[in-house]
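Put chain B on the given structure of chain A with help from the hints.
Protein chains: 2
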Amino acid sequence: MTQTLEPDTGTTDTDPQALVDAWFADFEAALKARDIAAAADMFATRSFWRDLVAFTWNLTTVEDREGVAKMLEQTLEGTDPSGFTTTEPPTEDGGVVTAWFRFETAVGRGRGLLRLRLDELDGGDRAWTFLTTLHELKGHEEPLGVRRPLGAEHGANPDRVTWLESREAEEAAWGVETQPFVLVVGGGQGGIALGARLRQLGVPALVIDRYARPGDQWRGRYKSLCLHDPVWYDHLPYLKFPENWPVFAPKDKIGDWLEFYTKVMEVPYWSSTTAVNAAYDEESGEWTVDIDRDGQPMTLKPKHLVMATGMSGKPNVPDFPGMDVFKGDQHHSSRHPGPDAYRGKKCVVIGSNNSAFDICGALWENGAEVTMVQRSSTHIVKSDTLMDIGLGDLYSERALEAGMTTEKADLVFASLPYRIMHEFQIPLYDQMRERDKDFYDRMEAAGFELDFGDDGSGLFMKYLRRGSGYYIDVGAAELVADGEVKLARGEVSHLTEDTVVLQDGTELSADLVVYATGYGSMNGWAADLISQEVADTVGKVWGLGSDTTKDPGPWEGEQRNMWKPTQQEGLWFMGGNLHQSRHYSLYLALQLKAREAGIPTPTYGRAPVHHLR
Amino acid sequence: MTQTLEPDTGTTDTDPQALVDAWFADFEAALKARDIAAAADMFATRSFWRDLVAFTWNLTTVEDREGVAKMLEQTLEGTDPSGFTTTEPPTEDGGVVTAWFRFETAVGRGRGLLRLRLDELDGGDRAWTFLTTLHELKGHEEPLGVRRPLGAEHGANPDRVTWLESREAEEAAWGVETQPFVLVVGGGQGGIALGARLRQLGVPALVIDRYARPGDQWRGRYKSLCLHDPVWYDHLPYLKFPENWPVFAPKDKIGDWLEFYTKVMEVPYWSSTTAVNAAYDEESGEWTVDIDRDGQPMTLKPKHLVMATGMSGKPNVPDFPGMDVFKGDQHHSSRHPGPDAYRGKKCVVIGSNNSAFDICGALWENGAEVTMVQRSSTHIVKSDTLMDIGLGDLYSERALEAGMTTEKADLVFASLPYRIMHEFQIPLYDQMRERDKDFYDRMEAAGFELDFGDDGSGLFMKYLRRGSGYYIDVGAAELVADGEVKLARGEVSHLTEDTVVLQDGTELSADLVVYATGYGSMNGWAADLISQEVADTVGKVWGLGSDTTKDPGPWEGEQRNMWKPTQQEGLWFMGGNLHQSRHYSLYLALQLKAREAGIPTPTYGRAPVHHLR
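Top line first, the protein sequences correspond to chains A and B. Letter 297 of the first sequence, counting from 1, is numbered 1008 in this note's numbering, and no numbers are missing. Letter 68 of the second sequence, counting from 1, is numbered 779 in this note's numbering, and no numbers are missing.
With the rest of the complex left out, here is chain A (with noise of 0.2 Å):
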């Protein structure tokens, strides 16, 4: 996902830069005038415009001239884009030349990444990728560098309010004297990432956490559990791991990062806090929501309610015959306490993907006797493996090396359309295939059913169009492999007082059942805290209609209701791994700030329902 997109033509050959400028000239040119036929022509045959938020307030990829031209006949106008200029010199790359740049609109300030190639059909060098953000609003930059806050009062003012006071007073009026223009639901890295970037902004928010401490989600976790993407891919805004923090961090040291960055941040944050039942007005704009503050129950008012309770929803916990007559312990994986109980037991796991994988392992390194259930294929990838030839380019020491740094990174991987990403990602895991052979040979020789993704396209693109059917081995694969942990295939049928019969017959003797089998869409949680019929007015949550397992069609061309206006008013999903939640809590605080600061926001193309979960 992170090599150079390499085409079949080129472009013709001329100085990047002078090329670059030129089309930019054209470009720019037709926009002004409002030729939409002209603007739509700077792109080939083949294309993509991805924007993010500056046109169309909106997460937003178009396809081909006659995408580009219906989105510019809706937000042309509006958006009013200039100044298209290239903020480093174009690099050119087997045909492709590569063009970072910046921009205005009306009312804000954005960066791009360009691709331009010969178009095959009707020659020129023209747009084959764009990408167009928004990076931040006029009037209301972020008081970062040289707009950092002065911290000190000088003078001598008898009415001073400390920096300590003016915290503890903002604490205690939210819900009495003031209400918070956006509520997030849900205080883990999502939460806590888009609570600092509004912070930033200057937008009333109040982040909301069940959880005594922030960081518990992790902290109450399975106690070998470290993160499974490496540390460049992972920092938060702003303020970015330190260069001595490890490479996989253990859960209890990102949990200790989340809570004082919580805290140096200033993210308001309250813990022990659960969200209990939320209406929204259409009339006043405003929903109302009762929540329980450590034992007190309380009423805010928000005008816009983030869920980032997740990207993971509601456990599926199966329904299998029997379950009420099993004697031994069972639970979603989700509720697993950890192996420390189950030493000499016989341990049943239902399920094939990272959560059971990790609680096998664990579960045999503390002395149970484990079996996996498999009931359908697994792609799994060594996490080494994937680390050097999945992330190396953009994420690791040797990009940094390169001069590349984490918000370019972010770019690079934001221009990718979706559309057509899984022809680069092919590649790379036929490349990882290769390097791990031998390792992979063992696992099917062992019984193991694995799989590539549906076109080969391994990992991202499943965690992409459906947030699970892989594993990221961290050795808990060779278990399998070696059989020190058994492994069964098959449907279960149903469970007796102790044991777990598969419907080929297979009776697996079980003290513990644990069900790793998934989770639910996003919308799950908007069910129980809303109502059933917001949650399917939203609709499944997650996933890109890529018509393969687990992500039906039709194209949505973005994630489906992340971090972009839902078909519920004010209601807005928050979430993804560390990346994406650093990343993508720019495009959501940037569209929650314009409408705290009553910048009109209309939104093109705001996604249509097609599945309810």
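Hint data in this document are derived by calculation from the structure and do not stem from the laboratory. Each statement offered as a hint is correct.
Derived coverage of chain B by chain A (criterion: at least 3 residues anywhere in the stretch with Cβ under 8 Å from a Cβ of chain A; other residues may be distant): (1) 847 to 856; (2) 1068 to 1078.
Which chain B residues stay away from chain A? Per the calculated CB distances, all over 12 Å, these: (3) D1030; (4) R1153; (5) G1250; (6) R1306.
Ideal Cβ positions, reconstructed from N, Cα and C, are used throughout, including at glycine.
Using the frame of chain A, we list chain B on its own:
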């Protein structure tokens, strides 16, 4: 202190890179041949070589060819330096060629800064200032960047010890199964920065602090307190303040950062712990330190003891007749609880430096009647002015934009010889005097006695020479200029039940007397903890021997006893402002690491003691 040094004479007219390359070629050849006279001859008639650890295992400044020769006679063979190479193109300005370089020694790698100019007397381009610093020890490179720890333990391991378990076990073992190689007494910014560096270098070290939480040293101060140095100057090692951090952080924000930093940098730190007694055994080369850990007595046996109790030593509480009969509140400024209890009260503050002004300002803001008693002159600089003119070229947004980094700024700063620093400060303070002329006139019109240091060299020299005698004005001075805070001049004669009586007979009614009367030398803490004998062995801490007020000669060349070997084996002093804590913690940590790793550390020029306090 931050501007380019501009001497009278220039270099010969040659390309700077060629000039520097030639100089280093000759210098290195002389060093390799052990031709000390030839090496010394590379230096100008008036020149300075400052070595931080690399050659001298000390912080050392030698002067002129004679000083260079003497130092090399003792250190050249053991150091075995080589590989002097520029790390970027040298620059020329006003006749001085400045070159960043790296080099190696037998045991380490270093970085430095060279300034060449045409030697007035003997001709030729010679070294005017030469800074060599040890940056890392071979075989003990810090696990940063490409060497950062993996974090996760991949594989399946029945004996897995998680990160959390490992940290908890380490914590429980101190003083029981393991002894710290280094015990750091005092957990403010100095102890914390050193603790982080030692952790990085793998030196078993423990920081103990009497407060309940890291950062409490700041939280417990008067409520309006903010840092007086701007953020770019204040970063801690490894983890810089983020871009949105205020210029002058309020005390509680700094407290939170220090607490956060201690945790995420994994500094082994015991709060609520006081050091009760310490004694050194020469034979075993070990300290026996009795501590009180949250009520529990314990004994630790470190090889090295670092006093990080603050460069302000024990409070100087004066002994005026009548203090025993005074009926109001009286306390040293370090024990001042803040202004809340003194609304409407008559408050007399003895002293006119930083603490006095801060306390007078806070009292005034809270509606007290305040009189400041000035006993000797004070140097005042406005905060904005100091930040701009004093620090701006090295530590500011504009410095960052010009390509300056914190690390380079620290080395530039370190490369300015203390001996001549005042010459470069004087013009800066002339500028400041000019810029704020109106303010200074009004202060003097109000009767305040101003100075700009004994030789007009201003605040930073006062700080280096005596650590006191100035006020960085953040607004309280206006109160004196306006007469809102009354000013009395002269020495105190005695107190009565309710007045302070000055030697000229002036009677000042008082409900509160605050003795803003400064602090003693840090070795006062050593006297308390260890013995007066050891305190006298070590002698006065801080100051340069400049033969100015409170900094008697002879010339020391470096800060007395700070961050380097003292006359008491195994006893070290750590401290200074945030800049010094950040930078000099590196050199102290490397010296301690070398001892822990068994690397020979033949110390050149361990400073003799000229003053006891």
